[in-house]
Amino acid sequence: MNNPNPKTLYDKLWDTHFVGSRSDNGDLLYIDLHMVHEVTSPQAFEGLKIKGIVPRRVDSIVATVDHNVPTTDRSKGLSGIKDSISRDQIQALQINCHDFGIDLIDLKDLNQGIVHVVGPEQGFTQPGMTIVCGDSHTSTHGAFGCLAMGIGTSEVEHVLATQCLVMNKQKNMRISINGPLKKNVFAKDLTMFLIGKIGTAGGTGHVIEYDGSTIESLSMEGRMTVCNMAIEAGARAGMIAPDQKTFDYLKSKPHSPKGNEYETALKYWKTFHSDENSNFDTVHNFFAEEIEPQVTWGTSPEMVIGVKDRIPSKEDYTSQTERNNFEAALDYMGLNAGDSLENYSLDQIFIGSCTNSRIEDLRKAAEILDGNVISKKIKRALIVPGSGLVKKQAEEEGLHETFISSGFEWREPGCSMCLGMNPDQLGEKERCASTSNRNFEGRQGHLGRTHLVSPAMAAAAALAGNFIDISS
Amino acid sequence: MNKSISNIFSGEAVFLDKANVDTDQIIPKQFLKSIKRTGFGPNLFDAWRYLDKGDLNSDNTKRKLNPDFILNHDLYKSCNILITRENFGCGSSREHAVWALTDYGFTTIIAPSFADIFKNNSYKNGLLLIEVDKEKIDEIFTQITEKKTINIEVDVHNQFIYLEEKQIPFELDDFKKKFLLDGIDEVGFTLQHQNKIEDFEKNYKKTVPWLFK
Ligand code: SF4
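As you go down the protein sequences, you meet chains P and F in turn. With my numbering applied, the first sequence corresponds to residues 1 to 472, in that order. With my numbering applied, the second sequence corresponds to residues 1 to 213, in that order.
Treat the hints with care, as some may be off.
[What the hints assert, rightly or not] Looking from chain F toward chain P, a few residues come up when the C-beta cut is under 7 Å (computed):
(1) Asp22
(2) Lys29
(3) Leu32
(4) Lys33
(5) Lys53
(6) Leu65
(7) Phe69
(8) Arg85
(9) Glu95
(10) Asp116
(11) Lys178
(12) Asn195
(13) Lys196
(14) Ile197
(15) Lys213
Derived from the structure by calculation, the hints contain no laboratory data. These numbers come from a predicted model, not from an experiment. Backbone N, C-alpha and C define an ideal beta-carbon position, used for all residues, glycine too.
With the rest of the complex left out, here is chain P:
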């Protein structure tokens, strides 16, 4: 029998969490999990304290420190952080968590790490949930079939106080990708390719659901990488319907339901997928075989090309605004129009961030580095695992030995040079191959030049001292 009322995954997530509308037509959406970190929370907690309100459900909140933390020796804890302003911010989170009774995965905890790595690996992230965090890459968690959105600090305060987010429903977008990925083309290349196609504002006002055989073939780590960068396509949330891989991944995680509860949850989780004939406002279709290893050349994630392609020229753009943007980006990046990216030497390599710091990413990098030494041109190469657990796993597999003997520095978990709030930064005009998600001006350091790539490309570029074609 035909389903008279087919719904998309997003429709289902919306409907199961819709509390009601306020008298001003703002909709209240119930939030299941609120992840908190040190940078965007202090003003929110302060707001609660001023109003004399306590969080509605502390059992729905998990906090960790990641943005500001040093990635070198942590044995001294808070007192080992040299930058006093960073220290104050981390301490503010410790005090707020203590005052409100919130679980904090602190600096010296084995489970500490980047908030979007910690959530899934601890099993906090589960299908059918609504998840928020004061960080735009919260979209990562959508890989488990949940509605996960980045929010601002006022919204952090609002969710703490009311367990609800105020918004109106967004549009449904489906991006289908089918077919096998080529050799040395990964989830990161796929997600960057999509941004290049639809643009950084392509998903604005939408929630993106990714599907198709290529997406199904990805591991949970790969799916997280895809959803992580949905925000770079302008969408506040990206999502993938859960399947057996998702359920298997969650089975052994510390905070996922156990025993009978797992069975009940499993039944519930299986309802979260788009029904046949459900309606999407916007649809895109791509084939995986079109995708080459990707490298960004400019200062926006949409300024991306295949490694064998040439940097664009002014003639490739029609409007004056686009041409101005193109020239400003080229100038900032110190590149020539129409050139090959292989012609430019790299200064630094960064493998890490919530996009690419999971065990699979590190294994891929190690495979390429295995027994080789990085180019003399490279001044510094960092590998920063996404969490203490990723670090431990990598060390058990001996990956760290490969990294260290090839010339990489093996660091403690955190956001590190993804945004350079801690001492890991680029120097002026230094060129970096980075597995992170943003190549904005100054993102990794004042006047630094960032090229976004996959972990495999970053490792290969470290060996060569410049980008090379890894597809052949």
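Dock chain F with the ligand against the given chain P, drawing on the hints supplied.
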């Protein structure tokens, strides 16, 4: 109580001729270490505005200004309306970007489009965002280039802007309008609907007991 804006106001506009201005540009990360909501204005567009690299410890009055940056031109120093290109405010969710814009003195931003999270952060802080299509922005750009300065009147209640005798309508969600004009404390307002939240929670708990500890 949050900041409220007037029903009708006018101001001088400055044109920032860039698309995809991201929140890293609006307020660079080194300023996010502050645990306050105020004081970000002097570091708005920091990397474009100054010639050196600043941080929270810098004395901004002693730093060298970039003479080529539009906000540093004498003509535009006291502008309160920013006009710019598409996808303004993309990137990170940092509300500090909005705090920097309002602290600097901007009341309104006019652009063809804005990023989603930035939109939410704005109305909560009394910053009015007005979407006007690309072609109109091009026209305004030409006018500003010819005349150097233009005055814009904003009628929030009726949702119009007036410039050079032209009237341009704009969209604004009811709830955003209410918050902008009344400066209501949103947490308090939602808590007036607490019954709804409690009713929802009671039922929801039965569906997903494993999410309640
Ligand atoms: S790794 Fe980068 S993108 Fe991810 S949460 Fe940290 S700063 Fe944000």
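Results for each hint:
The closest approach between the C-beta of Asp22 (chain F) and any C-beta of chain P is roughly 5 Å, which is under the 7 Å cut-off, so the hint is satisfied. Satisfaction of the interface hint for Lys29 (chain F) is found here, the shortest Cβ-Cβ separation to chain P being roughly 5 Å, below the 7 Å cut-off. Satisfaction of the interface hint for Leu32 (chain F) is found here, the shortest Cβ-Cβ separation to chain P being roughly 5 Å, below the 7 Å cut-off. Checking Lys33 (chain F) against chain P by beta carbon gives a least distance of about 4 Å; that is within 7 Å, so the hint holds.
Interface restraint check for Lys53 (chain F): the shortest CB-CB distance to chain P comes to about 4 Å, inside 7 Å, so the restraint holds. Look at Leu65 (chain F): its Cβ only gets to about 16 Å from chain P, farther than 7 Å, so that hint breaks. Here the hint on Phe69 (chain F) is broken, as its CB sits about 13 Å from the closest CB of chain P, past 7 Å. Interface restraint check: Arg85 (chain F) against chain P, minimum CB-CB distance 6 Å, threshold 7 Å, status holds.
The closest approach between the C-beta of Glu95 (chain F) and any C-beta of chain P is roughly 4 Å, which is under the 7 Å cut-off, so the hint is satisfied. Of the supplied interface hints, the one on Asp116 (chain F) holds, with its beta-carbon coming within about 5 Å of a beta-carbon of chain P, less than 7 Å. Checking Lys178 (chain F) against chain P by beta carbon gives a least distance of about 5 Å; that is within 7 Å, so the hint holds. A hinted interface residue such as Asn195 (chain F) counts as satisfied when its beta carbon comes closer than 7 Å to some beta carbon of chain P; here the least separation is about 9 Å, so the hint is violated.
The beta carbon of Lys196 (chain F) is positioned within 7 Å of a beta carbon in chain P (closest approach about 4 Å), and the interface hint is therefore held. With a cut of 7 Å, the hint placing Ile197 (chain F) at the interface with chain P holds, because the nearest CB-to-CB distance is about 6 Å. For Lys213 (chain F), the shortest C-beta to C-beta distance to chain P is roughly 4 Å, which falls under 7 Å, so the interface hint holds.
Checked against the numbered hints above, the structure violates hints 6, 7 and 12; every other hint is satisfied.
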